[in-house]
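Q: The listed protein sequences correspond, in order, to chains A and B.
For what it's worth, my numbering labels the leading residue of the first sequence as 18, then goes sequentially.
For what it's worth, my numbering labels the leading residue of the second sequence as 4, then goes sequentially.
Just so you know, the hints here were simulated from the structure itself, not pulled from any lab data.
A few of these clues could be false.
Estimated spans, in silico, between C-beta atoms of each pair [claimed, not checked]:
no., chain 1, residue 1, chain 2, residue 2, range
1, A, 311, B, 302, 55 to 63 Å
2, A, 311, B, 300, 25 to 33 Å
3, B, 152, A, 177, 52 to 60 Å
4, A, 311, B, 146, 15 to 23 Å
5, B, 180, A, 300, 42 to 50 Å
6, A, 212, B, 212, 52 to 60 Å
7, A, 168, B, 73, 26 to 34 Å
8, B, 85, A, 296, 55 to 63 Å
Short, incomplete list of chain B residues facing chain A, as computed with Cβ under 8 Å [to be verified]:
no., residue
9, 37
10, 40
11, 43
12, 84
13, 88
14, 98
15, 101
16, 102
17, 103
18, 120
19, 121
20, 129
Quick reminder that beta carbons are idealized off the backbone N, C-alpha and C, glycines included.
The primary structure of each chain is shown beneath.
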Amino acid sequence: MATEAATTRERALERGGGPEVAPVRVPARSLHSELRAIRVVWKRELIRFRSDRLRIITSLTQPFLFLFVLGTGLSSLASAGTHGVNFKTFVYPGVLCMAVMFTAMFSAASIVWDREFGFLREMMVAPVRRSSIVLGKCLGGATVAGFQGLIVISIAGIVNVPYAPTLLLEIFGLQLLLAFAITAFGMTAAARMTQMQSFMAVMQMAIMPMFFISGALFSVASLPPWLTILNRIDPLTYAVDPMRRAIFAHMHISKSAVHALAPGVTWWGWRVPGLLEAGVIALLGLVLLSIAIWEFSRAE
Amino acid sequence: MTAQRSDNGSRQIDEAVAVRGLVKRYDEVEAVRGVEFDVHAGETFGFLGPNGAGKSTTINMLCTLVRPTAGSALVAGHDVVRERDQVRRNIGLVFQDTTLDGYMTAEQNMHLHAELYGVSHEGLAQRMRAVMEMVGLWDRRGSLVNTFSGGMKRRLEIARGLLHSPRVLFLDEPTVGLDPQTRSSIWEYLQTLQDEEETTMFLTTHYMDEAEYCDRIAIIDQGRIVALDTPAALKAEVGTDRIQISTDDDAATIDALRERFGLDARLAEGKVTFGVASGEQFVPRLFELGLPIGSVSVARPSLDDVFLSFTGKTIRDAEESNTEMRRHMARIMSR
Chain A
18 MATEAATTRE RALERGGGPE VAPVRVPARS LHSELRAIRV VWKRELIRFR
68 SDRLRIITSL TQPFLFLFVL GTGLSSLASA GTHGVNFKTF VYPGVLCMAV
118 MFTAMFSAAS IVWDREFGFL REMMVAPVRR SSIVLGKCLG GATVAGFQGL
168 IVISIAGIVN VPYAPTLLLE IFGLQLLLAF AITAFGMTAA ARMTQMQSFM
218 AVMQMAIMPM FFISGALFSV ASLPPWLTIL NRIDPLTYAV DPMRRAIFAH
268 MHISKSAVHA LAPGVTWWGW RVPGLLEAGV IALLGLVLLS IAIWEFSRAE
Chain B
4 MTAQRSDNGS RQIDEAVAVR GLVKRYDEVE AVRGVEFDVH AGETFGFLGP
54 NGAGKSTTIN MLCTLVRPTA GSALVAGHDV VRERDQVRRN IGLVFQDTTL
104 DGYMTAEQNM HLHAELYGVS HEGLAQRMRA VMEMVGLWDR RGSLVNTFSG
154 GMKRRLEIAR GLLHSPRVLF LDEPTVGLDP QTRSSIWEYL QTLQDEEETT
204 MFLTTHYMDE AEYCDRIAII DQGRIVALDT PAALKAEVGT DRIQISTDDD
254 AATIDALRER FGLDARLAEG KVTFGVASGE QFVPRLFELG LPIGSVSVAR
304 PSLDDVFLSF TGKTIRDAEE SNTEMRRHMA RIMSR
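Just chain A, with the same shape it has in the complex (with noise of 0.2 Å):
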């Protein structure tokens, strides 16, 4: 036995692992130790998000389908009410929250694979708040959504949208926040889910309703009732409403078009400001973050 463990030590030496390995301090748990979890999470999105081209490619068909082929497609039966702006200037803001959402739900779904293939064990039993891990998660699934979105705000030009920075700075923090809060709620969802299928069946089921909903594809000015509440409950309407009213702010379009078209959300006749919808989204992030942080906190 004795010489056994010598020879070891001798192969352990010759491969030139030493023995006098010096072992490293843990400190007490400290905000800086929360601070160090919640960035390698976070960076750990990043990393795994840039190894994956395919997965930056294949989130930005749909999108493009729906501003190219949809676009142009309706674009000539659009034209008879769009008072002379272009159609696919009037999907482009419906567009680009498309492209941020299914960015932002991909993230969160990476938890289920997480929990699949045993690595969310690893974050789970670390000596770090659970909050950590699960903010840090949503803070890397809005900025790789929000990274997604930047590629579509780069082509805005393509669509007529002008290159105004404040313009660019308003969709980019507005869509930021739709990411940061969309992922959230799939980390939400993803809290009790085992299966990468029941996931993504749920992640079908809540983003597809909400893009049509939300007035990306209409104006959400003199609709029927029932499609009128249901755009207001919509989270999406806060994001998309924003953003299309700044971007036509930012155009040389006439005061009927813009009536007509991006005629603003109202809450019981009263218009509500850009300000509060982006606040809405907001609240409506924090809440679900919340959420999800009680779920996992007190899972296993």
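Based on these hints, arrange chain B on the given structure of chain A.
A: This is chain B only, laid out in the frame that chain A set:
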């Protein structure tokens, strides 16, 4: 040797693990029924038992992943229920199933672990290199983990489990699902690490030959510890050689053995099994029975016999009955 290494949290303790009256109940089923043991610092301590005996449940309670129903456990001097984080910072974990991110490189996985555990930057780079060299993966640090074989992944997990200098390394069936050659190389690494790091190791296994590597083993069956000592002492306690006979008429043979020699034989693994003081000398006498004997085997006491003598069945038989019990339970639950 005991209290020399400083705790990641500054307390000094003697016992690496101290367990008292630990119980885990899942609804009707009592998976762990009041186990008690100590693991000394620097020791390799093995939990030996069939699948379903309560090994994983116990290890999960010690790792703060499962809350005990009753009893207490101190790991590295910290209570597993009240000081969960303290325990987590002082233990390394290697699970049965991989918990690596296959889409990241080995090095990225290690970095992520160091950040999650808040390891201080000082000396981290050297430590990472040292533990990766120890398991022979330093040259492959830039490769995606998905390109690794099962054995390499397990080695990387061991290196990762050691990265934050834990006081206790928990290994739940560290070699399950690996081929025999890889299994022995994993053990080589574990022994190297034992020599160099003096880390306390707590492992579970249902392989008898692996339990031999441990300083001390606890034999666990149906949620209880039935024996606890060094492998040598446990084998000495059995004191007898094991004889297994295959016959056409097992019942008659068992009866004959009892009548003629006063031996208490049992049926294990489909063979008539019993223990006698010196096996080789006994074999010729078997033929006095005048029964049709197909084959005879004599074995020196092994941990298998230890298990047999303490539980009345071999570990393989115990596993079969546990599997059957689980199937039975699954049937009941699905109704």
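Q: It remains to establish, for every hint, whether it holds in the given structure.
A: Results of checking the hints against the structure:
1. For the pair residue 311 of chain A and residue 302 of chain B, the supplied restraint of 55 to 63 Å holds, since their beta-carbon distance comes to about 57 Å.
2. Taking the beta carbon of each, residue 311 of chain A and residue 300 of chain B are about 60 Å apart, not inside 25 to 33 Å as hinted.
3. Our hint of 52 to 60 Å for residue 152 of chain B and residue 177 of chain A holds, since their Cβ atoms are close to 55 Å apart.
4. For the pair residue 311 of chain A and residue 146 of chain B, the supplied restraint of 15 to 23 Å is violated, since their beta-carbon distance comes to about 38 Å.
5. Take residue 180 of chain B and residue 300 of chain A: their Cβ atoms lie about 48 Å apart, and the range 42 to 50 Å holds.
6. With their beta carbons about 38 Å apart, residue 212 of chain A and residue 212 of chain B fall outside the hinted range of 52 to 60 Å.
7. Taking 26 to 34 Å as the suggested C-beta distance range, the pair residue 168 of chain A and residue 73 of chain B does not conform, at roughly 57 Å.
8. The hint said 55 to 63 Å for the Cβ distance between residue 85 of chain B and residue 296 of chain A, and at roughly 41 Å that hint is violated.
9. Annotation: interface hint on residue 37 of chain B violated; nearest CB of chain A at approximately 24 Å, more than 8 Å.
10. Of the supplied interface hints, the one on residue 40 of chain B is violated, with its beta-carbon coming no nearer than about 22 Å to a beta-carbon of chain A, more than 8 Å.
11. Hint status for residue 43 of chain B: violated, given a least beta-carbon distance of 18 Å to chain A, over 8 Å.
12. For residue 84 of chain B, the suggested interface contact is broken, since its CB lies about 15 Å from the closest CB of chain A, more than 8 Å.
13. Against a cut-off of 8 Å between C-beta atoms, the interface hint on residue 88 of chain B holds, since the closest Cβ of chain A lies about 5 Å away.
14. With a cut of 8 Å, the hint placing residue 98 of chain B at the interface with chain A holds, because the nearest CB-to-CB distance is about 7 Å.
15. Using the Cβ-Cβ criterion of 8 Å, the hint placing residue 101 of chain B at the interface with chain A is satisfied: the shortest such distance is roughly 5 Å.
16. About 4 Å separates the beta-carbon of residue 102 of chain B from the nearest beta-carbon of chain A, less than 8 Å, and the hint is met.
17. Proximity of residue 103 of chain B to chain A holds as hinted, the smallest CB-CB distance being about 7 Å (cut-off 8 Å).
18. Given the 8 Å rule on beta carbons, the hint for residue 120 of chain B holds: about 6 Å separates it from the nearest Cβ of chain A.
19. Taking 8 Å as the C-beta cut-off, the interface hint given for residue 121 of chain B holds, the closest approach to chain A being about 3 Å.
20. Taken as an interface hint, residue 129 of chain B checks out: its beta carbon lies about 7 Å from the nearest beta carbon of chain A, inside 8 Å.
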